[in-house]
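Novice: One letter stands for each residue in the lines below.
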Amino acid sequence: AQSVTQLDSQVPVFEEAPVELRCNYSSSVSVYLFWYVQYPNQGLQLLLKYLSGSTLVKGINGFEAEFNKSQTSFHLRKPSVHISDTAEYFCAVIRGGSQGNLIFGKGTKLSVKP
Amino acid sequence: GAGVSQSPRYKVAKRGQDVALRCDPISGHVSLFWYQQALGQGPEFLTYFQNEAQLDKSGLPSDRFFAERPEGSVSTLKIQRTQQEDSAVYLCASSPGTGLSIVFGQGTRLTVV
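Protein chains in written order, with the working numbering: chain A, 16 to 129; chain B, 15 to 127.
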């Protein structure tokens, strides 16, 4: 069965510092990879996705992620965070060839402090 | 509509009460998904529709949970005889085809007291 592991449940960081949110997945078949952001009392908003092609994926709000097949990782990065980036971030996968239901990690709460 | 619309946004139910949660997907979206998000957890898949056909209900936690999409558009998730463990945010999502371009609604927060 597929699983997604987000290694950090909480990440505190100061404003304008770089941040990396880690995600590993388990799969022996091809997968599609996603990062979503959830602000308080809101639904999920897609930040970026990897379907194929270049392993470095750029998303909205200055975020990017790198797909590493050998390490089964898809870490999310931002070079300089803002207070407004404070939110919960979810990594998710879809197994290639499936109907498309997402399997999510437990989330990482990013807190940006002034 | 412009996005996926869910109603109500908040629902408080007494234990044992039946509830119905509504999802209005983006017009023309073929696929519709329901997810359950418990406090402090990631969303978990409940069920999937392609048009009016419910193709996967493997994530429904018990036979108290029932979902329908009779005309291939609006969907309703019904929970009978609610229990405290049903307290969660229920997220609806839709996409034009598979889940590769999925759009989420804002969710319905259900609290069972």
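In case anyone wonders, no lab produced these hints; they're calculated from the structure. In this text, a Cβ means the ideal position worked out from N, Cα and C, and glycines have one as well. Any given hint could turn out to be false.
To be verified - Derived pair list, reagent style DSBU-like, types lysine-lysine, alpha-carbon separation capped at 30 angstroms:
{"hint": "1", "chain 1": "B", "residue 1": "71", "chain 2": "A", "residue 2": "121"}
{"hint": "2", "chain 1": "A", "residue 1": "73", "chain 2": "B", "residue 2": "71"}
{"hint": "3", "chain 1": "A", "residue 1": "73", "chain 2": "A", "residue 2": "84"}
{"hint": "4", "chain 1": "A", "residue 1": "121", "chain 2": "A", "residue 2": "73"}
{"hint": "5", "chain 1": "A", "residue 1": "73", "chain 2": "A", "residue 2": "124"}
{"hint": "6", "chain 1": "A", "residue 1": "121", "chain 2": "B", "residue 2": "92"}
{"hint": "7", "chain 1": "A", "residue 1": "64", "chain 2": "A", "residue 2": "84"}
{"hint": "8", "chain 1": "B", "residue 1": "28", "chain 2": "B", "residue 2": "71"}
{"hint": "9", "chain 1": "A", "residue 1": "121", "chain 2": "B", "residue 2": "25"}
{"hint": "10", "chain 1": "B", "residue 1": "25", "chain 2": "B", "residue 2": "92"}
{"hint": "11", "chain 1": "A", "residue 1": "64", "chain 2": "B", "residue 2": "71"}
{"hint": "12", "chain 1": "A", "residue 1": "121", "chain 2": "A", "residue 2": "64"}
{"hint": "13", "chain 1": "A", "residue 1": "128", "chain 2": "A", "residue 2": "84"}
{"hint": "14", "chain 1": "B", "residue 1": "92", "chain 2": "B", "residue 2": "71"}
{"hint": "15", "chain 1": "A", "residue 1": "84", "chain 2": "A", "residue 2": "121"}
{"hint": "16", "chain 1": "B", "residue 1": "28", "chain 2": "A", "residue 2": "121"}
{"hint": "17", "chain 1": "B", "residue 1": "28", "chain 2": "B", "residue 2": "92"}
{"hint": "18", "chain 1": "B", "residue 1": "71", "chain 2": "B", "residue 2": "25"}
Said to hold, decoys possible - Per label pair, the in silico range of CB-to-CB distance:
{"hint": "19", "chain 1": "A", "residue 1": "83", "chain 2": "B", "residue 2": "127", "range": "24 to 30 angstroms"}
{"hint": "20", "chain 1": "B", "residue 1": "53", "chain 2": "A", "residue 2": "75", "range": "24 to 30 angstroms"}
{"hint": "21", "chain 1": "B", "residue 1": "127", "chain 2": "A", "residue 2": "85", "range": "48 to 54 angstroms"}
{"hint": "22", "chain 1": "B", "residue 1": "66", "chain 2": "A", "residue 2": "92", "range": "38 to 44 angstroms"}
{"hint": "23", "chain 1": "B", "residue 1": "17", "chain 2": "A", "residue 2": "73", "range": "22 to 28 angstroms"}
{"hint": "24", "chain 1": "B", "residue 1": "69", "chain 2": "A", "residue 2": "17", "range": "17 to 23 angstroms"}
{"hint": "25", "chain 1": "B", "residue 1": "111", "chain 2": "A", "residue 2": "30", "range": "25 to 31 angstroms"}
{"hint": "26", "chain 1": "A", "residue 1": "31", "chain 2": "B", "residue 2": "98", "range": "28 to 34 angstroms"}
{"hint": "27", "chain 1": "A", "residue 1": "126", "chain 2": "B", "residue 2": "32", "range": "37 to 43 angstroms"}
Novice: Per the hint of 38 to 44 angstroms, is the separation of the Cβ atoms of residue 66/B and residue 92/A within bounds?
Specialist: About 42 angstroms separates the Cβ atoms of residue 66/B and residue 92/A, which means 38 to 44 angstroms holds.
Novice: Is the hinted pair residue 28/B and residue 92/B satisfied, with a Cα-Cα distance of at most 30 angstroms?
Specialist: holds, 15 angstroms
Novice: Regarding the pair residue 73/A and residue 124/A, is the alpha-carbon distance no greater than 30 angstroms?
Specialist: holds, 21 angstroms
Novice: Falls inside 48 to 54 angstroms, the C-beta gap from residue 127/B to residue 85/A?
Specialist: Check passed, 49 angstroms falls within 48 to 54 angstroms.
Novice: CA of residue 25/B to CA of residue 92/B, is that 30 angstroms or under?
Specialist: Holds. Residue 25/B to residue 92/B sits at ~13 angstroms (cutoff 30 angstroms).
Novice: CA of residue 121/A to CA of residue 73/A, is that 30 angstroms or under?
Specialist: Holds, because 23 angstroms separates the two Cα atoms, which is no more than 30 angstroms.
Novice: Would you mind confirming whether the straight-line C-alpha gap from residue 121/A to residue 92/B stays at or under 30 angstroms?
Specialist: holds, 25 angstroms
Novice: So if I understand the rule, the pair passes when the alpha-carbon distance is 30 angstroms or less; does residue 121/A with residue 25/B pass?
Specialist: holds, 24 angstroms
Novice: In this structure, is the beta-carbon distance linking residue 17/B and residue 73/A contained in 22 to 28 angstroms?
Specialist: Roughly 24 angstroms apart at Cβ, these two residues keep to the hinted range, so it holds.
Novice: Within 17 to 23 angstroms: is that where the Cβ-Cβ distance between residue 69/B and residue 17/A falls?
Specialist: holds, 18 angstroms
Novice: Within 30 angstroms, alpha carbon to alpha carbon, are residue 28/B and residue 121/A?
Specialist: holds, 28 angstroms
Novice: Is 37 to 43 angstroms a correct range for the gap between the Cβ atoms of residue 126/A and residue 32/B?
Specialist: holds, 39 angstroms
Checked against the numbered hints above, the structure breaks hints 2, 13, 19, 25, 26 and satisfies the rest.
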